[in-house]
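Enquirer: Protein chains in written order, with this note's numbering: chain E, 1 to 168; chain D, 169 to 467.
In case anyone wonders, no lab produced these hints; they're calculated from the structure.
Values in this document were obtained by computation on a predicted structure and should not be read as measured data.
Treat the hints with care, as some may be off.
[Said to hold, decoys possible] Have a look at the derived ranges for each label pair, beta carbon to beta carbon:
id, chain 1, residue 1, chain 2, residue 2, range
1, D, Ser381, E, Leu122, 35 to 43 Å
2, E, Thr129, D, Thr382, 50 to 58 Å
3, E, Ile146, D, Gln261, 26 to 34 Å
4, E, Ser107, D, Glu252, 23 to 31 Å
[Stated by the list, open to error] One-sided and incomplete, this derived list gives chain D residues near chain E with beta-carbon spacing under 8 Å:
id, residue
5, Leu182
6, Leu186
7, Phe191
8, Ala194
9, Asn201
10, Asp207
11, Arg210
12, Ala218
13, Gln261
14, Ser297
15, Asp303
16, Ala317
17, Arg343
18, Pro348
19, Val350
20, Ala351
Every residue, glycine too, gets a C-beta built ideally from N, C-alpha and C.
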Amino acid sequence: MRRHRNTFIALGLVLVSLVLQTTLFAEIRPFAVAPAVVLLTVIACARYLEPEAALLVGFTAGFLTDLLGGSSLGLWAIAMTAVAYATVKLRHREVDGILIVAVGIFSLTVLGQLLYAVVGTLFGHSIITQPEVWKHLLLPAVWNVILAAPIFWVSNVTMRRGERGWAV
Amino acid sequence: MLPSGRRFDRVTALFLSLLAAGFIIATFDVRTNESGVADTMRGGTQTLLAPVQQGADMVISPVVGFFEGISNLAGLREQNERLENEVRELELQLRETAALQSQVAELEAINDLAPPLELASVAARVYSSGASSYDHVRYILRGSDDGIAIGQAVIDERGLIGRVDTLTASTARVRLLTDPIVAVGVRVQETNETGVVTGVGTGTLRLDMFDASTPVTKGSVVVTDGSRFPPGIIVGYVAETADAEVDFVLRTDVEPAALFSKLDYVKVIVGWSPLDAEVESDSPLIAPPEFVDPDPDQQ
């Protein structure tokens with residue numbers, strides 16, 4: 001029952017982050033690039049969920065992002081499912097520590113952005129060929145590292161579990 | 169604790185299944201040209217989330233505005249002086265322009281061109297953006313109930329912003345000019361030659377002119393040519409002077425007139441018949457002439 005509770009909480013957090021992404025971060029875009037808050041929420045929640053639930057939450061979050069985005073459906077679903085999978089694989093490592101967590105968030109965000117760019121290009125959106133594409137790959141990762149503290153705190157408080165894993 | 173081998177297999181199998189599902193959905197969406205079921209799902213999500221996003225926007229906008237105001241305080245005095253100087257210059261220009269206005273009105277009447285501001289339009293508030301930084305879309309609080317149709321031009325006080333892309337009864341998605349899939353037929357006012365402006369995914373736009381005979385100079389005004397959107401809407405300003413070379417496409421950058429990072433209110437031009445997107449993509453804009461037998465008497 002507890003794992004279902006956490007899954008519903010995770011989906012709620014994803015919805016909140018989606019609303020923030022499309023409203024607050026439509027206006028706050030340092031260097032014209034917004035943070036990938038939904039992606040960060042998927043990373044934050046995947047630490048506390050059962051692996052299957054983490055993947056489903058990642059897929060749902062990605063699919064909702066696709067529905068509110070401007071490109072083909074399924075692209076963010078693929079990217080966020082992969083990020084959730086990678087998070088599930090990484091969270092069991094005994095690497096607690098702020099620096100490692102920061103590197104992990106940065107790498108996972110870049111992975112998600114890169115996957116979206118590559119798969120999106122395969123589906124005809126020519127994202128990789130856009131000028132300054134590196135900004136869209138790297139800057140959201142930097143912003144996500146900064147935003148990780150509040151978002152990890154929220155996920156920690158709402159989805160707290162006995163065993164601490166790959167977390168702050 | 170590492171998961172067991174069996175569990176690991178289940179997780180990997182689910183992961184691969186979800187990836188496959190994602191690819192199937194994407195393929196289906198591309199094949200159906202983002203219409204049909206996918207369009208219905210987009211519309212449904214848009215309708216469901218619009219009230220929440222609207223509420224969030226109403227709370228967030230003043231807060232963001234407050235902090236922006238504080239951060240800009242230091243530069244306000246300098247900006248004020250600059251604006252005062254600009255006002256003086258503009259007043260001078262206005263007097264000169266007034267004399268030209270009557271001539272322009274006369275020319276427009278002759279050419280049967282109506283200035284875009286006189287076309288019927290619907291004002292709309294922007295309440296949301298796309299869900300990632302790759303998206304070049306905005307959502308507005310007007311829909312088909314307000315007379316908006318897919319393909320209509322969206323402008324702000326500075327110029328063209330984009331076109332209506334998807335639609336529900338009360339909301340619409342606007343695809344911005346900066347999106348690489350958007351192309352707009354334009355005319356450079358200075359030379360009166362036509363070309364195409366396309367988005368490149370960043371703040372600037374690209375101008376391609378295929379039959380240019382004269383160079384375009386930095387600062388030249390680029391306006392819509394009337395092929396898809398009403399004529400005369402400012403699209404942007406030429407960013408770099410470029411020469412026309414024989415057998416080469418004249419290509420240069422254009423700074424968009426609209427400020428895409430500060431879109432609060434926009435206008436949708438509803439008094440202009442947009443071309444049907446499907447017709448546009450599947451068949452030529454001008455139908456080829458019917459075959460006429462040059463010498464019917466021979467038969």
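Enquirer: Confirm or reject each hint.
Expert: Hints, verified against the model:
1. Our hint of 35 to 43 Å for D:Ser381 and E:Leu122 holds, since their Cβ atoms are close to 40 Å apart.
2. Hint check: E:Thr129 to D:Thr382, Cβ distance near 30 Å, so the stated range 50 to 58 Å is violated.
3. For E:Ile146 and D:Gln261, the hinted distance range of 26 to 34 Å is not satisfied, since their beta carbons lie about 45 Å from each other.
4. One distance hint, 23 to 31 Å for the beta-carbon pair E:Ser107 and D:Glu252, is violated here, with the actual separation near 51 Å.
5. The interface hint given for D:Leu182 is met, as the beta carbon of that residue sits about 5 Å from the closest beta carbon of chain E, less than 8 Å.
6. Interface hint at D:Leu186: satisfied, since its Cβ lies 5 Å from the closest Cβ of chain E, which is below the 8 Å cut-off.
7. Hint status for D:Phe191 relative to chain E: holds, with the closest Cβ pair at about 7 Å, below 8 Å.
8. Proximity of D:Ala194 to chain E holds as hinted, the smallest CB-CB distance being about 3 Å (cut-off 8 Å).
9. Restraint check, D:Asn201 versus chain E: the minimum CB separation of about 10 Å is more than 8 Å; hint violated.
10. Interface hint at D:Asp207: violated, since its Cβ lies 10 Å from the closest Cβ of chain E, which is beyond the 8 Å cut-off.
11. Evaluation of the D:Arg210 hint against chain E yields a held restraint, the C-beta minimum of about 5 Å falling below 8 Å.
12. Given hint, D:Ala218 at the interface with chain E, is violated; its Cβ is 10 Å from that chain's nearest Cβ, farther than 8 Å.
13. Against a cut-off of 8 Å between C-beta atoms, the interface hint on D:Gln261 is violated, since the closest Cβ of chain E lies about 31 Å away.
14. The interface hint given for D:Ser297 is met, as the beta carbon of that residue sits about 3 Å from the closest beta carbon of chain E, less than 8 Å.
15. Using the Cβ-Cβ criterion of 8 Å, the hint placing D:Asp303 at the interface with chain E is satisfied: the shortest such distance is roughly 4 Å.
16. Checking D:Ala317 against chain E by beta carbon gives a least distance of about 19 Å; that is not within 8 Å, so the hint is violated.
17. At about 6 Å, the closest approach between the beta carbon of D:Arg343 and any beta carbon in chain E falls short of 8 Å, and the interface hint on this residue holds.
18. Annotation: interface hint on D:Pro348 holds; nearest CB of chain E at approximately 6 Å, less than 8 Å.
19. Contact between D:Val350 and chain E, as hinted, is not supported at the beta carbon level, the nearest pair being about 10 Å apart and thus beyond 8 Å.
20. Violation of the interface hint for D:Ala351 is found here, the shortest Cβ-Cβ separation to chain E being roughly 13 Å, above the 8 Å cut-off.
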